[in-house]
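Asks: Sequence:
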Amino acid sequence: MIFGKNIGQLVSRLAQGSAYNTHGLALCATQSSSISQTLLPVMNHFMVFSANLSTASETTQKKMPVDSTSAPNALLSTLNNAADNSVILPAAFIDSPGKKDADISTQAGKNLLRILQSSPKNKWDDISSSYMDMKKSNMLAKLEPSEWIDIINEFSRLSAVQNKADVFPTLWEGIKKFNVELTPKLYSALVTSVFKHDASLVSTQQLQQSRLDQEKLYAKHSKSIDRSIAIRSLTRKIMQLKSTSVFSLGCEIFESATTANIRMSLYAYNAFIQSCALRGETLMAEDAYSGMINAGHSATTETYTSMINVYGIAGDAFNAQVWFEKYIELSQTPETMPFLAFSSALAICGRLPAAIDVLVRLMPSAMKSVSIKSINELLSLLDQRLDFEGMQLLYDTLNKSPELPNPSPKTYSLMMNAALINGNLNEALGYYSRTEISYLPPYCIGLLGSTSADIGDLDLSLKLAKELLSRNQIPEISHVVGLVQGLYNTDPTGARSMEFLKIIISKFINRSGNIAPSASIDRGLTALITCTATNSNIRCALDAFLFAEAAKVYLSQPFAFAICMTFKKATPDAIAQLTAVDYHALFDCAFSHHNPRSEISSQIAVRLFVKKVFSSMILHKLEPTQQIHETVCKGFDNIRDSMGKAEWLVLVRPYNFDTIPSAALDVEKKTSSILKQWRQPTAPPVESTHNDESKSMIAQLEMHCATFEIKEALSLFKRISDAGQKISLSVLQSLMNSLAKSKDHASIREVIDISTALAQTYNTELAIQRAQTAIYELAISAYLNARDPVMALEMTVEAVKKYGKIPKIGVCLALFKRFDRFENISVTLAKHCTDLFQPLIAECGVTNLTPDVFSYMFRVHCITNNIVEAKSLLDLMKKHNLHVSGKSLEHLVHLYVKADLQADSLDAFDQYLDMTPVLSISVFNDILKMYIKNSKDITGAMGIWRVSRQRNVAPDANTLIWLLSGLVDLSNDVGSAKKLFDALTLPAGAPGSAGFAIQPSIIHYDILLSGYARAEQPDMDAILELYEDIQQKKCSPTVMTFENVISGVCRAADGSIRIAEQIRNLMFTHKFSSTPEIENSIMELYWKLGDQVGAFQIFDRLTTEQDADLQPNIRSYQIMITGLVKCGQRERAAALLDRARRHGGYPQTAVDELEQIILQ
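Using the UniProt record's numbering, you'd call the opening residue of the sequence shown number 1 and step up by one each time.
Honestly, the hints are just simulated from the structure, not real lab data. We put the CB at the ideal spot given by N, CA and C, even for glycine. Treat the hints loosely; a few may be bogus.
In silico BS3-like pairs for lysine-lysine, Cα to Cα no more than 27 Å straight-line [what the hints assert, rightly or not]:
| # | residue 1 | residue 2 |
| --- | --- | --- |
| 1 | 887 | 898 |
| 2 | 831 | 808 |
| 3 | 726 | 831 |
| 4 | 568 | 507 |
| 5 | 726 | 711 |
| 6 | 808 | 887 |
| 7 | 871 | 802 |
Okay, the calculated beta carbon distance ranges per label pair [what the hints assert, rightly or not]:
| # | residue 1 | residue 2 | range |
| --- | --- | --- | --- |
| 8 | 231 | 914 | 47 to 57 Å |
| 9 | 294 | 880 | 52 to 62 Å |
| 10 | 767 | 442 | 54 to 64 Å |
Please take these sequences and the hints and turn them into a complete structure.
Replies: This is the structure we're talking about:
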C-alpha cells in the first residue's frame, strides 16, 4: 500500500526498469474510490506500506519471493532503501497463471493481519485506509470466517487503544458485501468487539461527565475564571464520545444473529448485557439474558453484576435486589463484584444507609471480610454523583467500625477531592495530612494546588506543582496562575514567579520536543505580565518575553497585549533603563492590538502604540535599528495596514533604512509566525493591478495622509481620479481618516461624490452598488475613528436612503458601540438609531448581535421614553435565550422608574442583582428615587439602602441626596439625616465616618437646612454650624440656602435679629437679592420679640420696593395682621386687609382667611 508521495516514486522507478515484465511491477492500492485500469498491471506483485518499521523490513526481505526474471533482489533493495523509508511487506497476491482467487484473498488477509499485529499505535489512519483500499479492490472477497475473526479481534485491540470506533461499521459492511458465511464464532467476535468498545466509550463518557459536574461546582465555589478552559475541554470530549457510539450497530448485529437463531458465545451475551447495563436499558438486558439461557449458557458472576447494574442505573432498587438475591441463592462462593454492584444500585436509588450496610454487614458475613477497595469503589461512585454527605457518612462508618479495614491513600484522596470541590479547604488539608503526596492523583493535586494558591499557602502550592512536574505533567491553568500571582505578591521584582515559570517551560520543552501551545504556560506568563502592570515592572515583563521567545514557547496575543499595557503604566525611571533590544520586543508586541473582527479601530490602536514606543525611544536618545524597521514593516504588512506602514516610513526617514518591499518580507523565517499568535498573517496580500506611475502616485498619496498634509493629499487624489485610476479602499480610508480628523466635512463629501462617480465604471450593477456602499462605509468608519458618531450616523442614514441597504454589519456594530459611550444623545439621533436597528436585525440576526448593541438600544428607548419598544426588545431577547447584560438592565430600571412603573422597576432591579457581578450605584439611586419621590415610601428606600451596603456598593453624592430627602421630607427626622450625612461625608478615619468621604454639595446642605428650618423648634446652633461648614468647604450657597438659614435663625427659641440681618446682608456678596420669604422670617421675629416698629419697617420696605420680585405676598399680610390682632389693633389690621384686597392677585380663599383672623 502506498500513501501520498510514495505511489509516484514507486511507479516512476518501476517504469524505468525495462528488463522487468508485467509480473515484476508492484501492486499499488490507491486511496481513490476506483482503481485505474492502467495501474492494474502495476498492482500485481508488492504492497508498499508507508510505515517506519525496521523489524518489519527485516522480516520482509526474508519472506519476499525472489525471481531472477520478474522480481530481482535489486528491486527489493531499491524500494526498501527508498528515501521515504517505506517498508516492503509480502505481496497480497502474485498475478501468475493458475493462481486462484481463494489463494489471493488468503494471502491478502494474512498480510493485513500481519500489519495489524505489528503496526504502531500512531499508524491507525494508515491501517484503516489500507483495509478500505483492500476491500474496495475486492482483495478480501474470499477470506474464510476464521480469517475475518482474526482481523476483527486485531482491529478491536487497536481500536481500544486508539479509542476509534469508525472501523466497526466498515467491517460489518465488508462482511455483508462479500457474503461471508456468518458462523456463530464470527457473530460472537463481532458482538463481543462492538459492545466491549461501546462499554468502554460509555464508561469514559460517564467519568468525563462527572468530572465536568465537579469542575462546574468547584468553579462556582472558588469563583475561578480559569476553570472555564477545563470545562470547555471536558464538554468537547463528552460530545466526541457521544458521537462515536456504536451501540446501534451492535444492536443491529445482535438482532441479526438472534433472527438467524445463531448460538453465540457466552462472552458475546455478557458484552451485550454489560453495554445495556451502562445505559440503563432494562428490557434489552432481560431479553439478552433470556436469549443466553435459551442458548444453553449459564449465567456467570459478570452476568449477575451487569443485571444488578442495569436496574441500579435505571433507578429500580427492587429489581436490583431481586437479581442480587438470585445470585446469592445460586452462588456457592460469592464474589465481590455483585455486592459492590448492589451497593452502588442502592446508592444511586437514594438508599445510602442500605448501600453501606451491604458492604459493612452483608458482605463480610458472606465473604468473611471486606476489602478497602470495595469501600473506595462506593466512595468513588458517590464522588462522581456529587453526594458529599453520603461520602462523609460512609467515611465515618469506616472509622467507627473496628471490623472494617483502615482507610487507604485512595480513600483520603477521594475525601480530599470532595472537600475541595465543595469549598471546604480546611477539611481537605486534614485529609491531605493523613496521606502521602505520591499517592494523590494529578487531578486532586491540581485542585489542592489551585485552592492553596488562592488562600496564599504558596509553599504547599509550590510543593504540589513540583510533584506534578516530577511526574512529567504540567500543572493546570488555575494552579499556575494562582501560584504566579502569589509569588509575585511576595516578591514584586517577579524573580520568584519567573523562576517557577522557567522550570515549567523547561519541563514542557523537554516533554513535547517540538513547538506546541500550552495553555498553562501561556496563562501563567500572561498572569505574570498582568501583575507587572500593577507596579509598572516593565523590566520583569520584557525579561519574561525575551526568555519565552528564546525558549521557543508558543505565545498568545493576550500575553503580548499585557506587555503593552505594562509599558503604558510604567514609570519614566523604569522606561529610561530600557535598551534597543527591549524596544524591539515592544515593537513586536505592538501588533497584538490588532483584531481582525474590528479591523479599522484595531489598526489605529497599533499605529498609536507604535508611535508611542518610537517617541519613547527617541526621548531616551536611542535610535531604531534595521531589525526594528523590518519587524514593524512586517507587522503592518501582516495586518494589511498600508497607511500605518506609510506613517512608520515617515518616522524613520532620518535613519535611511533600506527599503524592503512587502514581497521580500514574506521570506522571513516562519518561526515567528508559528510561535507568536499576533504575528500570523490575517489574510494573503492583495495583488495590485496598477501600473508603475499610478503606484507611485498612490504611494505619494499615502505619504501625504501619513504626514497629515491634507491639501496635498486632496489635490493628488483629484489628479488620480481625473486620470480615471481606481484607488484601493485602504488608501481611500486613509484619506478619509485624515479629513475626518480635521473636521473637513465638505472635502469628505467631495471625496464621496468623486469615488461614487468612479464606481459607475464597473461592469455590473451589483459591483457598482457594492463599491458605492463601501465608500460610504469608509466615511462612516472615518468619522467613528475621529470620535464623531453624530456625523457617522448622518452618513449611515444618507446611505440607507440612497441605496436602501444598511452598511456592513461590522460598521453598524462599531457605530452602536461608539454611541453607547457617547454621553449626549438627542432624541433625533435616538430615533435614527431606532430606524437602523430593525434592518440590522434582519441583516445579521438577533443572535449575532453583541450585548453592547442591545444595551445601547435600551438606552435609546430610555431617551425616547418608549416603554413599548423596550419591552418588545426584552421579549425578543428572552425568546432567543439571549443574556440580558447588566448595562441593559440598568437602562431598563431607569426607564421604568422614569415612567413610574414600580412593579416593572423592581422586577428589573431583582434581575440586575442576580445577573450582574459588579453592581452600579446609579441603579440603586433610581430605585431610591422611585421610593422617595414617586411612592413616598421611606421604609422601602431604607431597605434598598441596606441591600446596597450588603452588596458592598459604594454610595455616591446622588445616593446621599435621595436618602437625606427621604429622611427630612418623609420622616421629618433631621437628626438621623445629619448622622447619615456625617457618616458618608467625613474623611476616612474620622470619628463616625463610614469611610466613603463623599464630597458634599450645596444640595445636601440645603436639604439638611430645610429640615432644621421646618422643625417645630429649630436648633440655631446646628443651623449656623452647617452654614459655617458651607463656607469652609467653599460651596456656593443658593437663595434657598439663605432662606433656610434665616428662617431657622428667626424661628429658633433664641432667635436673633442681628444674626438674621447679618446673614441677609451676606446675600449681596454672592450677588443675590433678598426675597419676600426672607423678609417675612425677619418680620415674624420682630413680632415675636414685640418690636412692632421693626416689623412695620420691614413691611413698609416691601411695599415701597420697586423690584416686582420683592413685593409683599399673602404670607406678609398674614404675619402683620396676626401681630396687630394680638396687640389689640384690629382697626389697623382691618386697614391692612383692605389694602390686601385692593392689591389683587391673591387667592380669594387666602384673603378670606385673613378676615377670619380679624374676626376671631
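Asks: Decide, hint by hint, whether the structure agrees.
Replies: Status of the hints after comparison with the structure:
| no. | hint | verdict |
| --- | --- | --- |
| 1 | 887 - 898 | holds, 17 Å |
| 2 | 831 - 808 | holds, 20 Å |
| 3 | 726 - 831 | violated, 37 Å |
| 4 | 568 - 507 | violated, 33 Å |
| 5 | 726 - 711 | holds, 20 Å |
| 6 | 808 - 887 | holds, 25 Å |
| 7 | 871 - 802 | violated, 32 Å |
| 8 | 231 - 914: 47 to 57 Å | violated, 21 Å |
| 9 | 294 - 880: 52 to 62 Å | holds, 54 Å |
| 10 | 767 - 442: 54 to 64 Å | holds, 59 Å |
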